Amino acid sequence: MNSRTAGHTDSPLDRPSTTIRVESVSKTFDTAAVLHDLSLDVRAGELIGLLGPSGSGKTTLLRIIAGLDAPDRGRILFGDDDATGLAVQERAVGFVFQHYALFKHMSVADNIAYGLNARRRADRPAKAEIKRRVGDLLDLIRLSGFGDRYPSQLSGGQRQRVALARALAVEPRVLLLDEPFGALDAQVRKDLRRWLREIHDRTGQTTIFVTHDQDEALELSDRVAVLDRGRLEQVGTPDEVQEHPASATVMKFLGDSVEVEAIAEGGRVLVRGRETPVVAPAGIIGPVKLYVRPWQLQLAEAESAHLSGTVRSSYRTQGRQRIEVVDAEGRVLAVEDFDGVRHPAGHPVGLRINGGHVFG
Amino acid sequence: MSEIFSPISVPAAKPAQAASEGAATRGVLIGISVTFLALFLVLPLFAVFTQAFSKGIGAFLDAFREPDAWSAIRLTLTVAVIAVPFNVVFGLAASWAIAKFEFPGKALLITLIDLPFSVSPVVSGMIYVLLFGSQGLFGSWLIDHGIQILFALPGIVLATVFVTFPFVARELIPLMQEQGTAEEEAALTLGASGLHVFRTVTLPNIRWGLLYSVLLCNARAMGEFGAVSVVSGHIRGLTNTIPLHVEILYNEYNFVASFAVASLLAVLALITLVLKSFLEWRFAGELAHGRAH
Numbered sequence: 001m002n003s004r005t006a007g008h009t010d011s012p013l014d015r016p017s018t019t020i021r022v023e024s025v026s027k028t029f030d031t032a033a034v035l036h037d038l039s040l041d042v043r044a045g046e047l048i049g050l051l052g053p054s055g056s057g058k059t060t061l062l063r064i065i066a067g068l069d070a071p072d073r074g075r076i077l078f079g080d081d082d083a084t085g086l087a088v089q090e091r092a093v094g095f096v097f098q099h100y101a102l103f104k105h106m107s108v109a110d111n112i113a114y115g116l117n118a119r120r121r122a123d124r125p126a127k128a129e130i131k132r133r134v135g136d137l138l139d140l141i142r143l144s145g146f147g148d149r150y151p152s153q154l155s156g157g158q159r160q161r162v163a164l165a166r167a168l169a170v171e172p173r174v175l176l177l178d179e180p181f182g183a184l185d186a187q188v189r190k191d192l193r194r195w196l197r198e199i200h201d202r203t204g205q206t207t208i209f210v211t212h213d214q215d216e217a218l219e220l221s222d223r224v225a226v227l228d229r230g231r232l233e234q235v236g237t238p239d240e241v242q243e244h245p246a247s248a249t250v251m252k253f254l255g256d257s258v259e260v261e262a263i264a265e266g267g268r269v270l271v272r273g274r275e276t277p278v279v280a281p282a283g284i285i286g287p288v289k290l291y292v293r294p295w296q297l298q299l300a301e302a303e304s305a306h307l308s309g310t311v312r313s314s315y316r317t318q319g320r321q322r323i324e325v326v327d328a329e330g331r332v333l334a335v336e337d338f339d340g341v342r343h344p345a346g347h348p349v350g351l352r353i354n355g356g357h358v359f360g
Numbered sequence: 001m002s003e004i005f006s007p008i009s010v011p012a013a014k015p016a017q018a019a020s021e022g023a024a025t026r027g028v029l030i031g032i033s034v035t036f037l038a039l040f041l042v043l044p045l046f047a048v049f050t051q052a053f054s055k056g057i058g059a060f061l062d063a064f065r066e067p068d069a070w071s072a073i074r075l076t077l078t079v080a081v082i083a084v085p086f087n088v089v090f091g092l093a094a095s096w097a098i099a100k101f102e103f104p105g106k107a108l109l110i111t112l113i114d115l116p117f118s119v120s121p122v123v124s125g126m127i128y129v130l131l132f133g134s135q136g137l138f139g140s141w142l143i144d145h146g147i148q149i150l151f152a153l154p155g156i157v158l159a160t161v162f163v164t165f166p167f168v169a170r171e172l173i174p175l176m177q178e179q180g181t182a183e184e185e186a187a188l189t190l191g192a193s194g195l196h197v198f199r200t201v202t203l204p205n206i207r208w209g210l211l212y213s214v215l216l217c218n219a220r221a222m223g224e225f226g227a228v229s230v231v232s233g234h235i236r237g238l239t240n241t242i243p244l245h246v247e248i249l250y251n252e253y254n255f256v257a258s259f260a261v262a263s264l265l266a267v268l269a270l271i272t273l274v275l276k277s278f279l280e281w282r283f284a285g286e287l288a289h290g291r292a293h
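Quick note, the sequences are listed as chains D and G, same order. Counting from 1, one number per residue, gives the positions in the first sequence under our numbering. Counting from 1, one number per residue, gives the positions in the second sequence under our numbering.
What the hints contain is simulated information worked out from the structure, not anything from laboratory work. Quick caveat, the model's predicted, so the values are computed rather than measured. Hints may be right or wrong, so weigh each one.
Quick list of simulated restraints, FRET-style, between CB atoms [unchecked claim]:
1. G:T111 - D:G360: 51 to 61 Å
2. D:G182 - G:P154: 49 to 59 Å
3. G:A93 - D:L86: 25 to 35 Å
4. G:P85 - D:R194: 52 to 62 Å
We treat Cβ as the ideally placed atom computed from N, Cα and C, and that holds for glycine.
Using the sequences and the accompanying hints, generate a full structural model.
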């Protein structure tokens, strides 16, 4: 694998980036199918988030790309090279584990230098060069002066940064992160997210990260790949998947939504005989399910309302008012409206549907 | 790490309300334990040394001027030097396989590793007599080829290996299972070869557990009586280990010499105990057994 050394230049940030193609990959553990004939193209230099609930197969897919697991069927291509048969060591991937997997008995500097020291003598950089590169990476992760510490002396966020530096040290062709912020608390998570985005913008390295957190995926990714039960539901930019979800699964997974019984008729969608602004996909006729986001519901007078119920609770958060309405069947409808009016519990209200999605 | 797994982590405030009725129970329980320990462990240990020195230091030292005593010590050391490394290799291989891989028959392998603990040492010795004795399965073949296993070093080593092989595996399996494979996988993604990963990641993570188990394995290897007694043949100066030598001296009413040599085993036990306690105290977080204390 000469691309690992060929790409080396003076800056630790200057790395070759490559496309990754996942071709019809299937994987079964024991008897449970984890991935079904899944294909995905990752562009060079892209930051892509694999988003899905637990058990969707996203981590398995990442491990198959890394070579830590082998697919039952299908191929993995790095650029034009078929990597399917390559051992994990030969793939030149950087892998960041959810629980860091730092080497407990080694200092931070030794952790970062591990991949370089593990090389065969002929490929191994000189001691001074390794030291210089470790120093550069410590600067990059803002932990200069922490080289002599041990992982047990670091906070969770610091450990994850060391894990990232350790992965970057070997100049991988692709960076893979498995729930990189999953074990951290909310504030640290936000900071690290922003910081990872910054580093990616500077390095331009093809990066795939796995998450079950919609906000994280939508905030961080160039494109999001939504997985569900081993199948790829949709790939697109954060805007695309939010504005045009490809399926009810994607719709439901990307945020709160209300399911409303509706009738599709000549491209129009009617709720209780009243027209909505929603457009039904061509060829869909008859009873359908309409999925509506909280901000697509609005409090309204009875004569223009599609739905009705009574207020259960209402609260404000970050400049938005959220009202929970219980309808006649006892379902809770979340509404995000900013009319500035207080809505006492038990108050009867009507709701207008201003948008939503119908799936075939 | 050592802060997290600090061995003494009993919450101080909690037992307060239970203390009044618990005090009597606790006193009785501690009393029973201490009495038993004194009667069955400390007193015999004391007796060993009293007997050994009952005729003075000169008589004690005489026991070690015997060439047979020295040959027994030499044989015991030889057996330990062969059996312990053998079981370290076996224990590492078995625990690595069990902790890091899934394969059919894994549960059976774990059960089999425990076999020597559940089988009487005499039976363990008999197995080798049945296999390698002159009337045994391979007996005639061995005689034809002039290979001596029974009543010689190979037989004693085999019996010792059999009796001691659970020690390393039993300590390392839970330790390696708990540590999981993430660090090894991380090392692999960084380009390290399997052997390099073992040397730089796996081994350092289990080093104290390994040392702990080697210590216990060694103590058992040197002290084993039953299995070795069956296969040794009790040839003085040739196939007697320290425990067998003690027995022979005792049967010959040579009490002072018998207890003098026995005190050697007692000292070995004490050293083992001290080192074991030290490891448990200092590296509790990196041991599988230390965790329970």
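Unsatisfied constraints (hint numbers, rising): When the structure is compared with the hints, none of them turns out to be violated.
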